[in-house]
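In case you want the letters, here they are:
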Amino acid sequence: GAVVSQHPSRVICKSGTSVKIECRSLDFQATTMFWYRQFPKQSLMLMATSNEGSKATYEQGVEKDKFLINHASLTLSTLTVTSAHPEDSSFYICSASSFNRKQPQHFGDGTRLSIL
Amino acid sequence: SQQGEEDPQALSIQEGENATMNCSYKTSINNLQWYRQNSGRGLVHLILIRSNEREKHSGRLRVTLDTSKKSSSLLITASRAADTASYFCATDLSQGAQKLVFGQGTRLTINP
Numbered sequence: 387g388a389v390v391s392q393h394p395s396r397v398i399c400k401s402g403t404s405v406k407i408e409c410r411s412l413d414f415q416a417t418t419m420f421w422y423r424q425f426p427k428q429s430l431m432l433m434a435t436s437n438e439g440s441k442a443t444y445e446q447g448v449e450k451d452k453f454l455i456n457h458a459s460l461t462l463s464t465l466t467v468t469s470a471h472p473e474d475s476s477f478y479i480c481s482a483s484s485f486n487r488k489q490p491q492h493f494g495d496g497t498r499l500s501i502l
Numbered sequence: 039s040q041q042g043e044e045d046p047q048a049l050s051i052q053e054g055e056n057a058t059m060n061c062s063y064k065t066s067i068n069n070l071q072w073y074r075q076n077s078g079r080g081l082v083h084l085i086l087i088r089s090n091e092r093e094k095h096s097g098r099l100r101v102t103l104d105t106s107k108k109s110s111s112l113l114i115t116a117s118r119a120a121d122t123a124s125y126f127c128a129t130d131l132s133q134g135a136q137k138l139v140f141g142q143g144t145r146l147t148i149n150p
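In the order they appear, the protein sequences are chains A and B.
If you read the first sequence in this note's numbering, its first letter stands for residue 387, the second for the next number, and so on.
If you read the second sequence in this note's numbering, its first letter stands for residue 39, the second for the next number, and so on.
Accuracy of the hints is not assured; some may be wrong.
[Said to hold, decoys possible] Selected chain A positions facing chain B (Cβ under 8 Å, derived; list incomplete): (1) Leu412; (2) Gln415; (3) Thr418; (4) Thr435; (5) Gly439; (6) Ser440; (7) Tyr444; (8) Ile479; (9) Gly494; (10) Asp495; (11) Gly496; (12) Ser500.
In short, the hints are calculated from the structure, not lab data.
Idealized CB from N, CA, C, for every residue including glycine.
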């Protein structure tokens, strides 16, 4: 089946650091990638949708200058948490889908971000 | 706000028993999907049911959809310890970007 690789799996860093998370589709062309945030024992909240070669669409309440998303190719999207603070600590998950909407989204294994 | 509400929030049963989880949603949908999430991991797609379908099976999984009641259920038969996970329903509202809205999830524990 389709594989989405997310890296790193865990990040621990100091407050004020910027952190980049990569999401790669390994065996298909991901025309659209999604970034979610999940707090402990809660559901996934969609942060933004990115289409290859265009600007990301952010959900209401998500700061685009805080969470920078780049989708430069059909296999790679990145999420950069800029000047991270403890309240940004969370589990971030990406997913990818192809132009063929008959296929479900394929999820990465997530990144546990801890800001000290 | 979340589209889906799931119940129960947590379910603990003995191995071999059946587990039923329910999901309700608020608006019209294109399809509804169920996902499983093991602790600290990403989501695994289980099954997709389209708005014009009423029931779907996949192995030990059975999903129903009642669009008149805006609800769906996931039944796992003959549960196994490996089924222990959180289960989420997700509704696909749009015709375009396949944007999913997730329910709150059910934490399922299968006791050996």
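Do the hints match the structure? See the list:
1. Leu412: With Cβ-Cβ at 14 Å, over 8 Å, it is violated.
2. Gln415: Since chain B brings no Cβ nearer than about 15 Å to Gln415 (chain A), farther than 8 Å, the hint is violated.
3. Thr418: holds, 6 Å
4. Thr435: holds, 6 Å
5. Gly439: violated, 15 Å
6. Ser440: Ser440 (chain A) check fails; min Cβ-Cβ to chain B is 12 Å, beyond 8 Å.
7. Tyr444: violated, 12 Å
8. Ile479: holds, 6 Å
9. Gly494: holds, 5 Å
10. Asp495: holds, 4 Å
11. Gly496: holds, 5 Å
12. Ser500: Violated - the Cβ of Ser500 (chain A) stays beyond 8 Å from chain B, reaching only about 13 Å at its closest.
This entry does not satisfy hints 1, 2, 5, 6, 7, 12, going by the numbered hints stated previously.
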